[in-house]
Amino acid sequence: MSGARLDLEGVTKHFRGLRAVHDVSFTVPAGAIHALIGPNGAGKTTIFNMIAGVFAPNGGVVRLDGKAISGLRPDLICDAGVGRTFQLVKPFKGLSVLENVTVGALHRKPRLAEAQDSAAAILSRLGLYDRRHQLAESLTLPDRKRLEVARALATEPKLLLLDEVMAGLRPTEVDVMVGFLRELNQRTGLTILLIEHVMRAVMALAAEVVVVSYGEKIAEGTPLEITRHQGVLDVYLGEQEEL
Amino acid sequence: MSFVRRLAGNAPPRILWSLAILLALLLVAPAVLGKYWLSVLILILYFAFVGQAWNIMMGFAGQLSLGHALYAGLGGYIAAGLYFHYGIGPWAGLFAGVAVAVLAGAIVGYLGFRFSLAGVYFALLTIAFAEFTRLAFDHWQWAGGSGGLFLKVEHATDIVNLRGGPVLFYYVILALAAGAFILCRALLRSRLGQYWLAIREDAEAAQAVGVPVLRCKMIAIVISAALTALAGVWNAFYYNNLFPETAFAMGRSIEITLAPIIGGLGTLFGPIVGAVVLTGLGEAFTDLGDVLRIPGIKQIFYGLALLVIVMYRPAGVWPWLANKLGLTERQS
Amino acid sequence: MTADFLLNLAQAIVNGLLTGMVYGLMALGLSVIFGVMRIVNFAHGEMMVVGMYLAWMGFEYLQVSPLLSLPVIALLFFGAGYLLQRSLISPFIGRPEHQQFLLLLAVAILLVNASLAIAGPDSRGVQMESQFDSYEVGPLVFDAVRLHAALAAVAIALLLWLFFTRTRTGKSIRAAADNNLAALVVGLDVRRLYAFTFGIGAACVGAAGALMITIIPVSPFLAVEYTLLAFVIVIVGGLGSMTGALLGGLLIGVSEAVAGLLLQPSLKSMFSFGLLILVLLLRPQGLLGKGSQ
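Protein chains in written order, with our numbering: chain V, 1 to 243; chain E, 1 to 332; chain C, 1 to 293.
Keep in mind the hints are simulated off the structure, nothing from the lab. It is possible that part of the hints are untrue.
Claimed, not checked - Just a sample of chain E residues kept apart from chain V, beta carbon distances all over 10 Å, derived:
| hint | residue |
| --- | --- |
| 1 | LEU19 |
| 2 | ILE88 |
| 3 | ASN161 |
| 4 | PHE181 |
| 5 | VAL211 |
| 6 | PRO314 |
Unchecked claim - Label pairs and their calculated CB-CB ranges:
| hint | chain 1 | residue 1 | chain 2 | residue 2 | range |
| --- | --- | --- | --- | --- | --- |
| 7 | E | LYS35 | C | ALA117 | 29 to 35 Å |
| 8 | C | ALA117 | E | ALA11 | 45 to 51 Å |
| 9 | V | THR227 | C | THR165 | 51 to 57 Å |
| 10 | V | PRO110 | E | LYS324 | 47 to 53 Å |
| 11 | C | THR165 | V | LEU135 | 43 to 49 Å |
| 12 | V | ARG200 | E | GLY9 | 40 to 46 Å |
| 13 | V | ARG19 | C | VAL137 | 53 to 59 Å |
| 14 | V | GLY17 | E | LYS324 | 34 to 40 Å |
| 15 | V | SER124 | E | LEU25 | 43 to 49 Å |
| 16 | V | PRO110 | E | LEU16 | 24 to 30 Å |
Just so you know, even glycine gets a beta-carbon here, dropped at the ideal spot from N, CA and C.
Taking the hints into account, I'd like the entire structure generated from these sequences.
Written out as structure tokens, the structure is:
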């Protein structure tokens, strides 16, 4: 496992005339952790969905290691090395925790036994091994978030897209997740892009932050620079207590 | 042997032993049972087999088909028609029958899945195709039209042309039912089977972890249609007659769905347990109906039984039974 | 094209429109129930057949015209629908579709076989005095029986429209049909509303049955056909859309009549199913439905 570089070049998306994302460009170098922040409805998840292939951009290109991936089907984009989590978690409710992650692992390891082994290994790293025979629907929200991460990791991505995996976690749980992601990034060189409202996690993890508002990129820089950026402060006026 | 071992996987030895004993009993059954009980057993095996086929679509891949009579009808009609008109035996004819059913399944599936019809809408599409075909066969003279297609009843056993008495048909349907059971077990323990379960639970999340959703659904409908067509061929040669009004009827489609739903959707033993329960109830109520001599009384009891089962065991009889027996069937 | 043919065609369309109104009323019941509860009433045709039998019994044993027994039947159906929803169906709302399907299938089996047990397998028809009356408008002939049934269906549809636009309960039901979640959030008494809706849906189909018996005789075997017909109509019109159901009824009524004229009569439903497949694929929300599924 090693990381891939992500480039967005002038990516644009309209929904029935409504401009959701307009001309957004940024780069996440291979092996880096970047964050994508912005107020609710700014277009963050739309950007994720375009990277992950849920829908194709109306304009612009998404590249993974230089190769255009925009417009491909989600499963082919997973094939190319992009793993993602969903903001509203989508576990396979009727399957066990182990089966959930095994489905992800089967992508690279077609034999069930091997896929199960690799799924079990990922589960133990995320502290879910003891629950592996539980049905996913019986998990608590923090565990479901962990399960999302585990399932995405099982596909052995080169780029991991995390959509608000810290939301709803207690501060100590946030620290555990931050520690896990940092260790994962350092050990494997996996590139990570996270959408996050929990600033504590953004500050601790991200080397750089991209800020979007009303579908446009309004700032980009280190977390420290971003907290001093006047435009960002204006946008966040209502949510300042979070910063 | 390695195939058998892989198939067995982590199944508890008591299940394997029970299955082996059950199979042995079924193999010697015709020597012991009288005509009536053999016909009941044949009915059970038939519903277990088509139930298993339908379960692949709905129980595994989560696609509700209420038009499976289409595949059974096509398989039966094509094979019977080839035999009737050209003397082509069913062992050859079944390939044509299965091919046509597979093509029909591929068309229904491609249209439905491509246009992302889900749930009730997909179910209605499957009904519409079955009804459409029923009406078409009503007017197709090669297939006998609405007057039906009849095969000559012959009692001498002729395995090549699948002609003979109940014992022959018993062993054929037993082989089919056992084969489908093994196939489904193997499928569930394969990547494809796991992908189906993922699609059933959440197609969008499945696609995000690399599952080619459309292709997997297509494979599900094609396998399901092929197996159902085999059941149709068997059915046509067992009963020796085919009418569009019954072969493609919605009632036939519904009949196919009942055993897996009653037994436990998505489980391997569900269709079998469901077939036993439903056929048992059906036979018991037929006897009762004969005694009471009121038209429809058999169906009224049957309807009441369904009502009770769906109200108190909505997940099916088998998961509850397995729990009672201390066997929890995990799906992998 | 000869004038004769055009006249026949026009006559077929007239007959189709008249029958189509009754179809529309039947489908309206299915649509209302689905729109509000997201439950597909697989027992709809069976309910229709029960309505037809009740009207036939009223005529046969009490010498009451179906048009007069209609209000009583509709009321009975409303009560039965209300109770059915409260007792059996309520726990199944939001459950997996196959469980709902099995539940209503069981109800359907019970209804149709109860009819069979009581009335027997033979066709039962109503011989009205107006059987052979007709009104002539220019060259077109309006069958009196059919016309009365259609007018009654229109009148009932109008009453329903008043109910849905003028009364509090009616508005709440429409709100719930438009946006299930919003109705929940607004805090309407959803349990009562659901039972009421099922009652209304049942009353529609019961009334449609009372009208239909004046047009064609009833037998238990019609049930499945009517269930399918109602499905076709509401999908074509737009599942959950009330005007869609009425227009779908007219469309299917006319297309059946015209197909019966141009092709063999037995091919007429093939035409409807072809239409259903096309609509499902090209416009699954139905001709008048809005938004995506």
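To see whether the hints hold, each was checked on the structure:
1. No Cβ of chain V approaches the Cβ of LEU19/E within 10 Å, the least distance being about 21 Å, so the stated non-interface status holds.
2. Residue-level check passed: ILE88/E sits 39 Å from the nearest beta carbon of chain V, beyond 10 Å.
3. Every CB of chain V lies more than 10 Å from the CB of ASN161/E, the least distance being 41 Å, so the non-interface label holds.
4. Every C-beta of chain V lies more than 10 Å from that of PHE181/E, the closest at about 19 Å, which supports listing it as non-interface.
5. A beta-carbon of chain V is positioned within 10 Å of the beta-carbon of VAL211/E; the least distance is around 6 Å.
6. Its beta-carbon lying about 14 Å from the closest one in chain V, PRO314/E satisfies the requirement of being farther than 10 Å from that chain.
7. With their beta carbons about 30 Å apart, LYS35/E and ALA117/C fall inside the hinted range of 29 to 35 Å.
8. Separated by about 46 Å at the C-beta atoms, ALA117/C and ALA11/E satisfy the suggested range of 45 to 51 Å.
9. For the pair THR227/V and THR165/C, the beta carbons lie near 55 Å from each other, so the given range of 51 to 57 Å is met.
10. Here the CB-CB span from PRO110/V to LYS324/E is close to 36 Å, at odds with the stated 47 to 53 Å.
11. At roughly 46 Å, the beta-carbon separation of THR165/C and LEU135/V lies within the given 43 to 49 Å, and the hint holds.
12. Distance hint for ARG200/V and GLY9/E: a CB-CB separation of about 45 Å, consistent with the stated range 40 to 46 Å.
13. Checking the proposed 53 to 59 Å range against ARG19/V and VAL137/C shows it holds: the Cβ atoms sit about 57 Å from each other.
14. Range check, GLY17/V to LYS324/E: about 59 Å between beta-carbon atoms, so the 34 to 40 Å window is missed.
15. Restraint check, SER124/V to LEU25/E: a C-beta distance of roughly 44 Å satisfies the suggested window 43 to 49 Å.
16. Evaluation of the 24 to 30 Å hint for PRO110/V and LEU16/E yields a pass: the beta carbon distance comes to about 26 Å.
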